[in-house]
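Trainee: Sequence:
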Amino acid sequence: MRKVKNDNGGVSGIIPEIRIMTGLDYERILSRVDSNTYVKIYTYDLYEEIEFYEACLRHLHKCDVIVNGSGITQRKIDEFNVKLPNVNVIQKPDTHAKMILIEPEEVYLSSQNFSRADWFQHAVYIKDREAYSVYATNALSYENCNYTGNIKMNLSHENIGHAIK
8 MRKVKNDNGG VSGIIPEIRI MTGLDYERIL SRVDSNTYVK IYTYDLYEEI
58 EFYEACLRHL HKCDVIVNGS GITQRKIDEF NVKLPNVNVI QKPDTHAKMI
108 LIEPEEVYLS SQNFSRADWF QHAVYIKDRE AYSVYATNAL SYENCNYTGN
158 IKMNLSHENI GHAIK
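The numbering used here puts the sequence shown at residues 8 to 172.
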């Protein structure tokens with residue numbers, strides 16, 4: 008990402024690959040991910056049947072799903088523990104984000120929870136290592152309860168020009 012603005016209230020940049028999509032097909036997206044790739048998913052709820060999540064996640068060796076505390080029941084957590092031991096479900100009470108982080112360079116930002124698309128859902132797909140790093144770093148700050156609202160961005164001089172080639 009080539010940084011063009013940073014005013015502590017937001018960041019603007021140039022990203023080489025970005026797509027706007029309607030309706031995420033989680034099963035298709037996640038099935039193409041190599042089994043050794045780390046995936047982190049943020050969602051407000053997990054209301055689909057466990058079979059949907061199995062189809063999406065069973066091949067991954069490590070996946071974290073961060074979900075709003077009111078968006079999941081203990082019964083669903085128990086199902087995940089039994090049927091998807093490779094998935095760590097983390098309850099975070101104020102989670103409302105809908106985002107997928109796929110190491111080392113893919114980010115999906117969406118209006119759609121981790122579910123089948125059922126209405127007028129949109130998403131933005133970003134493929135860029137530095138953009139991934141920005142989202143992953145800020146997401147971790149949020150999870151650790153030290154998020155300030157400012158986007159932290161440390162761009163390397165080696166990569167800053169690759170977006171305009």
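FYI, nobody ran anything at the bench for these hints, they're computed from the structure.
Check before you lean on any hint, since a few could be wrong.
[Said to hold, decoys possible] Calculated pairs, PhoX-like style, for lysine-lysine (alpha carbon to alpha carbon, straight line, at most 20 Å):
| no. | residue 1 | residue 2 |
| --- | --- | --- |
| 1 | LYS69 | LYS99 |
| 2 | LYS105 | LYS134 |
| 3 | LYS83 | LYS99 |
| 4 | LYS69 | LYS105 |
| 5 | LYS99 | LYS134 |
| 6 | LYS105 | LYS90 |
| 7 | LYS69 | LYS83 |
Being a predicted model, the structure only gives us computed values, none of them experimental.
Trainee: Below or equal to 20 Å on CA atoms is what counts here, so check LYS99 against LYS134.
Mentor: Violated, at about 26 Å.
Trainee: Given the hint that LYS105 pairs with LYS90, does the C-alpha gap stay at or below 20 Å?
Mentor: violated (23 Å)
Trainee: Regarding the pair LYS69 and LYS105, is the alpha-carbon distance no greater than 20 Å?
Mentor: holds (19 Å)
Trainee: When you check the alpha-carbon spacing of LYS105 and LYS134, does it fall within 20 Å?
Mentor: It holds: about 17 Å lies between the C-alpha atoms, which stays within 20 Å.
Trainee: Starting from LYS69, check that the Cα of LYS83 is at most 20 Å away, please.
Mentor: Holds: LYS69 and LYS83 sit about 19 Å apart, inside 20 Å.
Trainee: Need the status of pair LYS83, LYS99: alpha-carbon distance at most 20 Å?
Mentor: Holds, at about 15 Å.
Trainee: For the pair supplied as a hint, LYS69 and LYS99, is the alpha-carbon distance within the 20 Å limit?
Mentor: holds (19 Å)
Checked against the numbered hints given earlier, this structure breaks hints 5 and 6; the rest are met.
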